[in-house]
Structures are given as C-alpha cells and as structure tokens.
Amino acid sequence: MSTVSTRRKPPRVGDAPLFRRSLIGIVFVLVAFVILAPLVIIGVEAFSKGWQLYRDTVVHPDTLHAVMLTVLAALIAVPINTVFGIAAAWAITKFDFRGKRFLLVVIEIPFSVSPIVAGVAYLFVYGLQGLFGPWLDAHDIKILFAVPGIIIASMFVTAPFVARELIPLMQAQGRDLEEASTSLGASGWRTFFSVTLPNVKWALLYGVILCNARVMGEFGAVSVVSGNIRGQTNTLPLHIELLYHDYNATGAFAAASILALIAVFTIIAKVALERQGAGRVSKTENPAEKTS
Amino acid sequence: MKIHLENVVKTFESFQAVKGVSLDIESGELVALLGPSGSGKTTILRMVAGLEYADGGAIHFGDQDATDIPVRDRGVGFVFQHYALFPHMTVADNIAFGMKVSKVKRDRSAIESRVSDLLRLVRLEGLGDRFPAQISGGQRQRVALARALSVDPKVLLLDEPFGALDANVRRDLRRWLREIHSELGITTLFVTHDQEEALDLADRVVILKDGQIVQQGTPEEVCRDPKSAFVMKFLGDANVIAAQVRDGRAYVGGLSVEAAGVADGRGELYARPSDIDWSDEGPGIAATISRVLDRADGRRVLATTGAGEALEFDVEPERVVKAGEQGFVTLRRAKVFAV
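As you go down the protein sequences, you meet chains H and U in turn.
Numbering-wise, the first sequence is residues 5 to 296 according to our numbering.
Numbering-wise, the second sequence is residues -4 to 334 according to our numbering.
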C-alpha cells in the first residue's frame, strides 16, 4: 500500500504482521531446504574432487554419448510435439467437430499417467511379447531398447505441453481474426502463418521450451524402454543414475550439473518469454517497431 | 449486387436460429436487420457472408447461386462486431492484407496507393503506422471498414457496427457511414439491435423475431404501420392499455380508438409516450402521477391508471405536474392489437 494515509485501515486477512511474517518465513525455509539446498549440493559435489575429475566425467565418452542422445531425442521429439500441439490447439479452438471434448481429455492423459506406466505400456505394445513385437522382430525393426523407443517414450510424456499453452490463449482470442482473414480472401495456410501464428508466438515458444526441458529431463518412461545400455541407449538422466549406482557420486553430480545448467537456461528463457508475452501490448504501443 | 435469400434455414445443434427466411435486397440498397438478441439476425448476416453455411434454402448474389461458395471466394466485405483487426499489424498493413493475399496480384505501389486512398476515405490519413491498440474505438471501426472495402466487395456486411461505441461517436459514424454508402453505392446489409440506428441509417428495415421476419419496409412504413404488437413494442417505448374491442373500435375508460380489422373481445391498445396527453378533466382514462422525470428535451411523467397499468408520457417542460396529482389521459393516436 503506497497510498499516503495515516488512517488506520481495518485489518484484512494476512494483514497481521505475525501472520504475514510467519507465512513468508515458512515459504523461505521450504524453498531453502527443498529447492535451493539440492541445487547447491549438485554444484558443490560436482567439483568436490576438483576441476579435473569434473572435466574427466563430463568429457567421458559415455557421458558425451548420453548428452548427444538426449539432444537427439529433444531434436526429434520437440518439433514433432510442437506440430502436434499446434494442430491439436488449432483444431480444438477453431473448429467444431464430434469428439472435441474427448480429444481434449486424451491430450491431457500424459499429464495424469505416471511416466513409468507409459514405459511399461510401450513394452507391451512394442516388446517381443507385445502386440507388434513379433512383426517388428520379423522385419528387423528395433524400437524398444533403441533410440526410437526413447524418442517415442519422450514424446508421449511431453505431448500435452505445447497444446496446453496454446489452447487457453487461442480460445480467448476466438475465431474472429481467422474469419476476418478468410473473408478478405486469405487461404487457410496464409491465415495460419500471417494471422494465427504471430498472435500466439510467445505462448508457442513458451510451450516449446517447457516441452524441451521435460524431454531432456525425462527419466521414468525412458528408463523402462531404453534398456540402459551404456554408450548406446543411455540418456543423460539415465546416465546420472548409472553413475550413482556405480558409487561414483562425484561423476553423478558432474553429469547432473549439466542437466541443472540446462534447467537454469530454461528458466532464463522462460522468464524472458514471459516478459515478452506480458510486453506484447507495450510493444504494439511503439509505432517504430513493426512486427509484421 | 442484388441479394436474394430463399427460405434460408439454420440450426445449431437443437436450436433453430433461422426458420425459413426469404428476403430480397436490391442493388445499392442499405438494409438493416433489426431484432432482439437470439432473433437470428447475425446468423443470417454470417450466412450471407459465407461464414456459416445454410442448412436449407438458397442465397443468390445477382444471378449466381452463392449458397455453397466459400467465404474466401464470395467477394463480401465483412465488418466484425469487435472489428477483428489484426493486432500485430499496423493500420496500413491491416488494410493492405486483403490485397496482399488476393489471387489478383497487385504490385506494391498499387497496394500502397489504394491503402492511402482508403485511409483518406475513412478519414484516417496519417494513422497508417499506428497499431490497432493505439487508436480509439471509433477509429478502429473505420479501419475495419476500410479493410473490408479494400477487396472491392460486391456486398458490404456489418455486424453490429456501432455496438461497442459510445453514443456521440455512434451518431457521427452513423451519418458518416450513410455518406460513404451514397458515395460508393455498394449493397450494404447491417445487423443491429438498436431501433434508432436501424431507422436512422437504413433504406429498409427488416425486423426479425425468433428466426423469422415479422415485418419489413422503409423506416416510415414500419414506424407508421407496425403490423404486430411485437414490432410496435420493439421499435420504441410503448404504453400498453387493456381495451375492449367491438365492431372495429376499441373502448377504454371514456375513450374509443379506431381498431379496424381487430376481432371483437379483449384487445390491447399501444400508444407512444408522445401520443399521450394529460389533462385535469375528463373524458379520458383516469390516472395518478407517480413520478416526474426531468430530461434535457422535456418532462416525462410516470403515471398509473385506475386499472393499475403503468404509463409513461411526455408533457411540455413548462407544464406544472407533480407526483400524486390525479387527472385524465387522452390519446392522440394509438394502435390496437388483439390479445
């Protein structure tokens, strides 16, 4: 309250100093123990045996391979899920069709299902004893315990991210802009690229970044379908676990620091995007800046 | 371009929004679709535009059956209720959009000169570099119109064009739209729920109720000769007084009013506030004044008849009246409808 007033205001909920301070205190203590302490430990432990060992772990071929595999999974899964998310959001918000509600629910399923359940389900679909297992085996196509399995599992887990960001925004925007564009003679594609996409671009990027962070950090589903073959099907999160089970705590922390670093970059990008998203109005207020 | 709607039907899930509407709009005419919300007027407009498909019936543009032509190829200019300007484009880019996406290729300089022509037409010269968020509601409305006109539409369609504006801007824009219409002579159809807007602006008013046309005609025809109690009530304030109809006349209190064509029995008498006079002596309908409202253009009196019916009428500003006063109401003119 910055208003200059000496009048005593009637107390509101949370206005009592004791209440307010203890609430804030609890939050700080929890943040310190639950979030900050583990992050600090990662840094401290990673370098506990010196820079040399940290470097050795990071440039170890197995670690490098795990990093590459994680990046590869992200490079494939994120674009596919982005296209899927845009298509789903576009369909749900701009068209009326039978089964729309059903589609909305289906999109949300990966959020409510434990990733490990998804992994096990894939075992039953693509595994040797699974539905398509024999056929795949006969045609010498390897999905499980290979890179395709990792990518499919990652895609399942992260399918909702982009759509979830776009649907509320596109619902709020309604169909007027698209209708206006079409009535002016624009084709569907033209409308999408010139009208729809520019108006959701920040939300889209936001969804992509969250999706990417999740793909890179995914453990549960991937651990079931990848088979944990060192140097072959080991993603970074799996590699961390492997190092840890090898009693190589320092190595585990070193590898973990890479993931933590990715997380930090994600948060920075996310905050920057939120600024952009919020700053969209002020941006249009600046006539010098043409966005089209 | 002449527009002809023939028995057009539209159903949304189980709700029948438009129930067999037939309508002819002459080339160059300015027609208002007037009706309360839910009367199907916007749905009709959107079907003419091609933004909705008709479930039944046909829509002709001139000699061409346009019923199944998609909106993209229908050649209409549509002004949306909330303008639907592209927020990420400048005013000039908004207006140029239709020309840029057109199948008819125009070069850059042709587009630019057309944009500046249109900006002049809608009196927004110099605002081409602004974004929609930086201009006022009335200006946005004019940008929306310029954008709709940019593609040389055969038909101009406006959905509640002045709905989101305040009263003064609304009046100015109304006059201005009328000027533009006479300048361009383009067939124009607009939707409104505001009777004053429809009557002020349109050559012809089409009044809708529950998905059907209840009356159409020039403003004079619909105002002077409403065919139903609904039209009477919808076009403006109306006092309703119960009456007895006998042999083509309606009787109430000490008064009788012409009621040709109304069946004998109970009827209702409709009178505009300006059609009612107040006098201290009979004959007339006895009433008691309950409130006096002073307004810029006169005095409005609220009264209650002996039968408990609420009345509203105007008296001259100089007339001394006050709450509680008793007197008699006489009618200059009234319409009678059977109950």
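No lab work stands behind these hints: they were computed from the structure.
By construction, the Cβ of each residue, glycine as well, lies at the ideal position given by its N, Cα and C atoms.
There may be inaccurate statements among the hints.
[To be verified] Distance condition first, Cα-Cα at most 27 Å in a straight line; then the derived DSSO-like pairs of lysine-lysine:
#1 U:LYS98 <-> U:LYS(-3)
#2 H:LYS146 <-> H:LYS53
#3 U:LYS204 <-> U:LYS222
#4 U:LYS222 <-> H:LYS98
#5 U:LYS(-3) <-> U:LYS204
#6 U:LYS(-3) <-> U:LYS228
#7 H:LYS98 <-> U:LYS98
#8 U:LYS14 <-> U:LYS204
#9 U:LYS95 <-> H:LYS205
[As the list claims (entries may be wrong)] Some chain U residues flagged as far from chain H (calculated, every beta-carbon gap over 10 Å):
#10 THR62
#11 PRO65
#12 ASP68
#13 GLY72
#14 ALA79
#15 VAL96
#16 LEU194
#17 VAL257
#18 ASP259
#19 PRO278
#20 ALA291
For each hint, the structure was consulted:
For the proposed pair LYS98 of chain U and LYS(-3) of chain U, the alpha carbon gap of about 24 Å is at most 27 Å, so the pair holds. With a C-alpha separation of about 40 Å, the suggested pairing of LYS146 of chain H with LYS53 of chain H is violated against the 27 Å cut-off. Under the criterion of a C-alpha separation no larger than 27 Å, the hint pairing LYS204 of chain U with LYS222 of chain U is consistent with the structure, at around 13 Å. Taking the CA atoms of LYS222 of chain U and LYS98 of chain H, the gap is near 41 Å; set against the 27 Å cutoff, the hint is violated.
Straight-line distance between C-alpha atoms of LYS(-3) of chain U and LYS204 of chain U comes to about 24 Å, which keeps the hinted pair within the 27 Å bound. Restraint check for LYS(-3) of chain U and LYS228 of chain U: not satisfied, since their Cα atoms lie roughly 31 Å apart, outside the 27 Å limit. In summary, the hint linking LYS98 of chain H to LYS98 of chain U is supported, as the alpha carbons are separated by about 24 Å, within the 27 Å threshold. Between LYS14 of chain U and LYS204 of chain U the alpha-carbon distance is near 10 Å, which keeps this suggested pair within the 27 Å criterion.
A distance of roughly 22 Å separates the Cα atoms of LYS95 of chain U and LYS205 of chain H; the hinted pair therefore holds under the 27 Å criterion. Look at THR62 of chain U: its CB is around 17 Å from the nearest CB on chain H, clear of 10 Å, so calling it non-interface holds up. Not every Cβ of chain H is farther than 10 Å from the Cβ of PRO65 of chain U; the closest lies at roughly 8 Å, contradicting the non-interface assignment. A cut-off of 10 Å between C-beta atoms contradicts the statement that ASP68 of chain U is not in contact with chain H; the least separation is 8 Å.
At roughly 7 Å from the closest C-beta of chain H, the C-beta of GLY72 of chain U falls inside 10 Å, breaking its exclusion from the interface. In this structure ALA79 of chain U is not separated from chain H by more than 10 Å, as the shortest Cβ-Cβ distance comes to only about 4 Å. Consistency note on VAL96 of chain U: stated as away from chain H, yet its beta-carbon is not over 10 Å from all of that chain's, at 4 Å minimum. For LEU194 of chain U, the non-interface assignment is confirmed: its Cβ lies about 28 Å from the closest Cβ of chain H, beyond the 10 Å cut-off.
Even its closest Cβ contact with chain H, about 46 Å, leaves VAL257 of chain U beyond 10 Å, as expected for a residue assigned away from the interface. For ASP259 of chain U, the condition that its CB be more than 10 Å from all CB atoms of chain H holds, with the nearest at approximately 51 Å. The beta carbon of PRO278 of chain U sits about 58 Å from the closest Cβ of chain H, which is more than 10 Å, so the claim that it is off the interface holds. The non-interface label for ALA291 of chain U is consistent with chain H: the shortest C-beta to C-beta separation is roughly 37 Å, beyond 10 Å.
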